[in-house]
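Following the hints, put chain B with the ligands in place on chain A, whose structure we already have.
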Amino acid sequence: MSAGAIVPEGPRPRHFGWARLGIYAFLIVAALFFLFPLYVMVLTSLKPMAEIRMGGLLAWPSDPTVEPWIKAWTSACTGLRCEGLRVGFWNSVIITIPSAVLAILLGMINGYALSFWRVPWANWMFAILMFGTFIPYQVLFYPLVRIASTLGLFGNLGGIVFVQVVFALPVMTLLFRNYYASLPEELFKAARVDGAGFWRTWFSIMLPLSGPMLVVACILKVTNTWNDYILGLIFAGRDNLPMTVQLNNMVNSTLGEREYNMEMAATLLTALVPLVIYFVSGRWFVRGIAAGAVKG
Amino acid sequence: MSQVSVRKVDIAFGSVPVLEQLDLEVAPGEFLVLLGPSGCGKSTLLNAIAGLLDVSRGQVWIGDRNVTWAEPKDRGIAMVFQSYALYPQMTVAQNMGFGLKIAGRPREEVDRRVREAAAMLQLTTLLGRKPAALSGGQRQRVAIGRALVRDVGVFLFDEPLSNLDAQLRNELRVEIKRLHQQLGTTMIYVTHDQIEALTLADRIAVMKDRTIQQLATPEEIYLRPANRFVAGFVGSPAMNFHAGAIEAGKSGPAFRRGELSLPLPDRFRDAGGAVELGIRPEHIVIGTGADALPAAVEMVEPMGAETLVWARVADEPFSLRVEHTVKLRPGDRIDLSFPGENVHVFRAGTGKRL
Ligand SMILES: Nc1ncnc2c1ncn2[C@@H]1O[C@H](COP(=O)(O)OP(=O)(O)OP(=O)(O)O)[C@@H](O)[C@H]1O
Ligand SMILES: [Mg+2]
Chain A
828 MSAGAIVPEG
838 PRPRHFGWAR
848 LGIYAFLIVA
858 ALFFLFPLYV
868 MVLTSLKPMA
878 EIRMGGLLAW
888 PSDPTVEPWI
898 KAWTSACTGL
908 RCEGLRVGFW
918 NSVIITIPSA
928 VLAILLGMIN
938 GYALSFWRVP
948 WANWMFAILM
958 FGTFIPYQVL
968 FYPLVRIAST
978 LGLFGNLGGI
988 VFVQVVFALP
998 VMTLLFRNYY
1008 ASLPEELFKA
1018 ARVDGAGFWR
1028 TWFSIMLPLS
1038 GPMLVVACIL
1048 KVTNTWNDYI
1058 LGLIFAGRDN
1068 LPMTVQLNNM
1078 VNSTLGEREY
1088 NMEMAATLLT
1098 ALVPLVIYFV
1108 SGRWFVRGIA
1118 AGAVKG
Chain B
2 MSQVSVRKVD
12 IAFGSVPVLE
22 QLDLEVAPGE
32 FLVLLGPSGC
42 GKSTLLNAIA
52 GLLDVSRGQV
62 WIGDRNVTWA
72 EPKDRGIAMV
82 FQSYALYPQM
92 TVAQNMGFGL
102 KIAGRPREEV
112 DRRVREAAAM
122 LQLTTLLGRK
132 PAALSGGQRQ
142 RVAIGRALVR
152 DVGVFLFDEP
162 LSNLDAQLRN
172 ELRVEIKRLH
182 QQLGTTMIYV
192 THDQIEALTL
202 ADRIAVMKDR
212 TIQQLATPEE
222 IYLRPANRFV
232 AGFVGSPAMN
242 FHAGAIEAGK
252 SGPAFRRGEL
262 SLPLPDRFRD
272 AGGAVELGIR
282 PEHIVIGTGA
292 DALPAAVEMV
302 EPMGAETLVW
312 ARVADEPFSL
322 RVEHTVKLRP
332 GDRIDLSFPG
342 ENVHVFRAGT
352 GKRL
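Quick mapping for you: the protein sequence lines, in order, are chains A and B.
Residue 828 is where the first sequence starts when you use the numbering used here, and the numbers rise one by one after that.
Residue 2 is where the second sequence starts when you use the numbering used here, and the numbers rise one by one after that.
If we strip away everything but chain A, and leave its shape as in the complex, we get (with noise of 0.2 Å):
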C-alpha cells in the first residue's frame, strides 16, 4: 500500500458519471417538449392581435397586454351567450364541491364496511367494484340516461353530481379500503370492546386517520371532475355546462377571424384549478400515497 492511498474514511465521495449525466439530459429534454407548448400559449395569450398576425410564434411580446384574458373571462361568446368562461367556472364549481364531498364521504364509508365490517357477501360486492372500476364508462351513458331522466336527475344539477358520484364511487371505495386494511385490525377490535358502534368507530377513530387517504381522494375527485367533459356535456342541462364544455363551444363557434390569443387565455384559465391544485398540494399526495400502517 502507497502511503498516497485514500483511506476511506467519513462520507462516501460523490460520483457523477455518465449514466446520471444521460438521466438529467433526458429528464431535461422531456421538461422542455412539454413545457414549449405552455409557453407559446402564455406567450400569445399576451399578445395582441395585430402581432399574432405577424407570425413570430416564440416571439417575446412586444407590447403585452391582459386584454385577452379579461375578454376571455368576462365577454367571450360561449355559443348563443357572450358573457366569457366565467360562467362555466361558476357552474364547475357548482358541480365538483357536491361531487367531490359526497363521492369522497361514500367512498369512505364503503371503505370502511367493506374492510372492518364483516358485511354478508363482502368479497363479492368488492369484486362487482373492482370490475365497476375497469369498465368504460361510455358503455353506461344509454342506460344511464333512462334511468337519470326517470329519477328526474337528467338535465340538471342533481343529475350530473349523481353521475358524477356514482362513477366515482368504485375507485373511491378501492382506495379507501386499502387505505383502511393498512390499518391495524386490533384498533379497531379495540373500539368495538370500548362500546363504539359502526358509526362511532369510524368518526372518532378512523375519520382522524385518513387525512392522508382524504388529500389524495379529494386531488382524484376534484381535478378529474374539473376536467371532465362528456358527463358534463350529456347529464349537465344547458343552464349548468361546465367550463371544459364552455371552452369548446367557444374555441368552435368562432366566426370570421381566430382570437388566438383570447382563446390562448381561455384554455389557461379553465387549467388553472387542477393546476394549482397540483402545485399546492403535489406533497401531500405524494405523503398520502406513500402512508402505509400508522404507528402508535
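Simulated from the structure, these hints should not be mistaken for laboratory data.
We put the beta carbon where it would ideally sit given N, CA and C, even for glycine.
Each hint should be verified, as a subset may be incorrect.
[Stated by the list, open to error] Restraint ranges, calculated between C-beta atoms of paired labels, are given here:
no., chain 1, residue 1, chain 2, residue 2, range
1, A, W1026, B, G137, 25 to 35 Å
2, A, A954, B, A133, 29 to 39 Å
3, A, P838, B, L184, 47 to 57 Å
4, A, V834, B, D166, 31 to 41 Å
5, B, D166, A, G837, 28 to 38 Å
6, B, E302, A, W1026, 50 to 60 Å
7, B, R113, A, L978, 52 to 62 Å
8, B, L184, A, G837, 20 to 30 Å
9, B, G137, A, W948, 35 to 45 Å
10, A, W948, B, L355, 44 to 54 Å
11, A, G979, B, R113, 52 to 62 Å
12, A, L1102, B, R113, 51 to 61 Å
13, B, R113, A, W1026, 21 to 31 Å
14, B, P331, A, G844, 48 to 58 Å
[Said to hold, decoys possible] Chain A regions said to be covered by chain B (calculated; three or more residues, Cβ under 8 Å):
no., segment
15, 1007-1017
16, 1029-1039
For chain B with the ligands alone, coordinates are given in the frame of chain A:
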C-alpha cells in the same frame, strides 16, 4: 370478578376448523393462562370470549349470563392487545376514558377513574401525551390502564408483552401479577412464553391442535405433564426424550434402548411395549447411588448461574443442568442417576402419560 365458562365451542374460518368441542371453566378471580405454539387458536378462543368472533357452535357464559350473542361491550370484559391498539390521535387520558365516554358517564366520573387508573400504573405525568410520544412499555401500560378504567369483571390479555424487550417484559409481568392480587379480577392471559405462563398463572391451559391438551396448575403441568406434547412444550431447556421399550427385568421394570438400560420405578411394571421416556435436564443428578450409570461429557454450555452439560449414557445423548460451580470439560467421565419419581413415560403413538 366473574366466572367464565366456554361450553362445547366450535369455531371455524370458512371450512377450516380452529377450535372443536372446547370446554373451559375459569373460576371467579382466577388467573388463567392459555399457552400454546403459534397458530394453535389461543387468540381465536380469546376473541370468542370477548365477543369479537362468533362461535359456530356452543355457548359462552360470563358471570351467570349466557353472552353467546352479546356485543363485546355488554359482556363485562376488557381487553389488552399485543399491538397496544391505542387510538393514535387521542391523548393518554382520552384513550383511557374513551369507553366510559361512549357509555355516557358524566365527565367528572370519567376524569376521576382515569386519574385513579393512571395513579395505579404510574401514568399520571403522561396523561396529556399522544401515544406516539410514549415508549413501548408506557404504551402497554396505557393499554392496561384503558382496560382498568372500565371496571369490569374479566380482563383478557392477548400476548400483551411480546412486543417488549426482555427487561421490560419482566417489569410488566410483575406489574400485572401485582394488579391481579390487588384487584382480584378474573384474568385470561394468552402467551406462548412459558416463563410468563408459569410465573403468572393459577392454572395453565396448554393448547394444541384445536383442543386443550392439559388444564392444571403450573406445578402439575411441570411435574406431571399429561402427554408428550405438554412435556416437550413446557420447560426450558427442553426435556430429554428417548424412544424405546419397557421390559420386565429381575429387579423390576426397565427402559431399554440399544445398550441403554434404565431401571424404572415399580409403577411401570405392567406397562410394557413401545414407549417414549422423558426426563428434565434439571432432574438428572451427578454421581452416587447404586443405579448410577457411567457417562461421558460431550459439550458444556455455561448459562450464568447454571451450566447445561451434554453427556452420553450408553451412546444415548442426555442434557443435564448443574450448578455453575461444577467444573466439567468435554471428555470427562461422570456417573449419572435418574431419580424414578422424575422420570416420565409416554405411550408411543398416542403420547399419553403412563
Ligand atoms: N381470519 C382468519 N381466517 C382464516 N383462518 C384464520 C383466521 N384467523 C386465524 N386463522 C387460523 O386459525 C388458527 C388459529 O389462529 P390464532 O390467531 O388463534 O392463533 P394463535 O394461537 O393466537 O397464534 P399466535 O401465537 O401466533 O398469535 C391459525 O391456524 C390461523 O391460520
Ligand atoms: Mg395470537
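Right, here's what the structure says about each hint:
1. As the Cβ distance of W1026/A to G137/B is approximately 32 Å, the hint placing it in 25 to 35 Å holds.
2. Distance hint check: the CB atoms of A954/A and A133/B are about 36 Å apart, consistent with the given range 29 to 39 Å.
3. Distance hint check: the CB atoms of P838/A and L184/B are about 56 Å apart, consistent with the given range 47 to 57 Å.
4. Between V834/A and D166/B the beta carbons are some 37 Å apart, a value that agrees with the proposed interval 31 to 41 Å.
5. D166/B and G837/A have their C-beta atoms about 32 Å apart, which keeps the hinted 28 to 38 Å range intact.
6. A hinted range of 50 to 60 Å holds for the C-beta pair E302/B and W1026/A, which are about 58 Å apart.
7. Checked against the hint of 52 to 62 Å, the C-beta distance between R113/B and L978/A comes to roughly 55 Å, which is consistent with it.
8. Range check, L184/B to G837/A: about 57 Å between beta-carbon atoms, so the 20 to 30 Å window is missed.
9. A beta carbon spacing of about 40 Å between G137/B and W948/A agrees with the range 35 to 45 Å that was offered as a hint.
10. A beta carbon spacing of about 53 Å between W948/A and L355/B agrees with the range 44 to 54 Å that was offered as a hint.
11. Against the hinted window of 52 to 62 Å, the Cβ-Cβ separation of G979/A and R113/B comes to about 56 Å, which satisfies the hint.
12. Distance hint check for L1102/A and R113/B: the Cβ-Cβ separation is about 55 Å, which falls inside the suggested range of 51 to 61 Å.
13. The beta-carbon spacing between R113/B and W1026/A, approximately 28 Å, falls within the hinted interval of 21 to 31 Å.
14. In this structure the supplied range 48 to 58 Å holds for P331/B paired with G844/A, their Cβ-Cβ distance being about 56 Å.
15. Evaluation of the coverage hint for the segment 1007-1017 of chain A: fulfilled, as 5 residues show C-beta separations to chain B shorter than 8 Å, against a requirement of three.
16. Under the rule that three or more residues need a Cβ within less than 8 Å of chain B, the assignment of the segment 1029-1039 of chain A holds, with 4 such residues.
The structure fails to meet hint 8 from the earlier list, while all remaining hints are met.
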